[in-house]
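Enquirer: Residue numbers (the working numbering), protein chains in the order written: chain A, 1 to 260; chain B, 1001 to 1286.
One should not assume that every hint holds.
[Stated by the list, open to error] Restraint ranges, calculated between C-beta atoms of paired labels, are given here:
(1) B:1060 to A:53: 41 to 49 Å
(2) A:206 to B:1096: 39 to 47 Å
(3) A:165 to B:1096: 51 to 59 Å
(4) A:38 to B:1082: 39 to 47 Å
(5) B:1244 to A:238: 44 to 52 Å
(6) B:1283 to A:53: 30 to 38 Å
(7) A:182 to B:1081: 46 to 54 Å
[Stated by the list, open to error] Computed, partial: chain A to chain B, Cβ under 10 Å:
(8) 1
(9) 49
(10) 51
(11) 95
(12) 97
(13) 201
Simulated from the structure, these hints should not be mistaken for laboratory data.
Every residue, glycine too, gets a C-beta built ideally from N, C-alpha and C.
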Amino acid sequence: MSAYDKVIAARDTNKLTSVDYIKALFGESFIELHGDRNFADDKAVVGGVGMLNNIPVTVIGLEKGRNTKERMERNFGAAHPEGYRKALRLMKQAEKFHRPVLCFVDTSGAFCGIGAEERGQGHAIATNLMEMMALKTPVLSVFIGEGGSGGAIALAVADEVWMMENAVYSVISPEGCASILWKDSSKAAEAAECLKMTAKDLFELGVVERILREPAAGDQKMFESLKLLICRTFEKNLAVDPERLAQLRYNRFRKIGQVK
Amino acid sequence: MDFFTFIKPKNELEGADTDVKQPYVPDEMWEKCPECGTLLLTTDVEENFQVCSKCNHHFRLNARQRINMTADKDSFVEMDAELVSSNIIDFPGYDEKLEKSKLKSKENESVICGTCKLDGIDAVIVSMNSEFMMGSMGTVTGDKITRAFEYATANGLPIIVFTVSGGARMQEGILSLMQMAKTSGAVKKHSDAGLLYITVLTDPTSGGVTASFAMEGDIILAEPKALIAFAGPRVIEQTIRQKLPRDFQTAEFVRSKGFVDKVVDRRDMKQTLVSLLRIHNYGEVE
Chain A
1 MSAYDKVIAA RDTNKLTSVD YIKALFGESF IELHGDRNFA DDKAVVGGVG
51 MLNNIPVTVI GLEKGRNTKE RMERNFGAAH PEGYRKALRL MKQAEKFHRP
101 VLCFVDTSGA FCGIGAEERG QGHAIATNLM EMMALKTPVL SVFIGEGGSG
151 GAIALAVADE VWMMENAVYS VISPEGCASI LWKDSSKAAE AAECLKMTAK
201 DLFELGVVER ILREPAAGDQ KMFESLKLLI CRTFEKNLAV DPERLAQLRY
251 NRFRKIGQVK
Chain B
1001 MDFFTFIKPK NELEGADTDV KQPYVPDEMW EKCPECGTLL LTTDVEENFQ
1051 VCSKCNHHFR LNARQRINMT ADKDSFVEMD AELVSSNIID FPGYDEKLEK
1101 SKLKSKENES VICGTCKLDG IDAVIVSMNS EFMMGSMGTV TGDKITRAFE
1151 YATANGLPII VFTVSGGARM QEGILSLMQM AKTSGAVKKH SDAGLLYITV
1201 LTDPTSGGVT ASFAMEGDII LAEPKALIAF AGPRVIEQTI RQKLPRDFQT
1251 AEFVRSKGFV DKVVDRRDMK QTLVSLLRIH NYGEVE
């Protein structure tokens, strides 16, 4: 599979979304919590609390929607500032109760529009990056589809970042890159190759700790093993002093692409 | 009139004559204000902090000019000047682009960091450079900024950051995106140490820089009319297929939406920074 094939696969509308993962992992225990307490409830971000085996967890996902109606409602997973602020509110709540945070990332990017700019899209993302880096509770981010730039990293300042084998993560879409650099968006496949945006590339660059085989809908056995893997990671990190955990998170980002 | 002029054909001599009637001013002594079109004497513009005396348009500055306008004379000591970017993900054409930018800007990277004094007050200063790949943030840019924050934190110093950037540098792929998290982490540590961070947003500040350290200052200042955006106007117009209002994303607009504390004329910038430093108890007599 070429890099661009991976991009196409990551965007496949039949793919499982955050809501599917939350349902399969948390079952009936998931309780959705809405709103950023400031402006609105952004449906491009789904968040709440639930039990992962015997661990209480805060779970937050960028949600694209599973059919046309849902996709419209959820703005195709492109969050507004209030979406990132809702995510941060839930993360700070998790920190208060020392609950681990699980994030699912699936977005083409933070929304680009008048309202998003007026309400401080840059400020919302920046605040998440700053606060997540110092969050005194475990954070794990799992990329399940598209990881579009600032809109993705705003939920991915984590102790570990995992990726499904067909997920992608990039600073810019291959189409955007091709049209800016080569004035030709049809060269997207070439750009996808150059950007090193596949799970394998990112693993080699040290941006990702683990590549996961993608569970199919209804494959509960696969979900059980994923759940076990997540629980083990949380148990390990819950045992680390929270201050030290935040320092380790800082070190993680400090050494990616290290300059000598 | 020298000998060679004397033997020129008559019509050229006439041309030379008309020139002589006007005061002779070489082109490089004039600058045209891109905003109001007024022709300004370069020396006047320089004396006026690169601001148009007619319409107050703020010309773009490079990183050194910015530092020279801000730091006390001879007080700036540069840090990490030797760090240079390399083509870490083998992006086609990036090596050439880096070479060209180095030649054009006569700098190693899109940011200059160091320590300086402002009216005798010690501070760390970070100045981004639009002349180097439009101030885009690559790994070295992010690393220099992170080191500047770490230095400020370790030495209990306030930090002033002048931003100008097109955003993350796509030729470094995901590693440029990672700089947003890294710099934000360093800002957070500086902030948690109780130290002052002032951002000055200059034209243009956008993308991954807006969505990281540019928006993380305790106090966020901006130059008049500077473009301040997450997504640039063209990207938004393409996304929503609508024309944008004229003042959209100007410093004044962003202030009215609550994301900038104060729009400061460049000629008052240093004094404003010094006042803010003093209010935060920096520069006390020991």
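Enquirer: Hint by hint, which ones does this structure get wrong, listed from lowest number up?
Expert: Going through the list in order, the structure violates hints 1, 2, 3, 6, 7, 8, 9, 10, 11 and 12 and respects the others.
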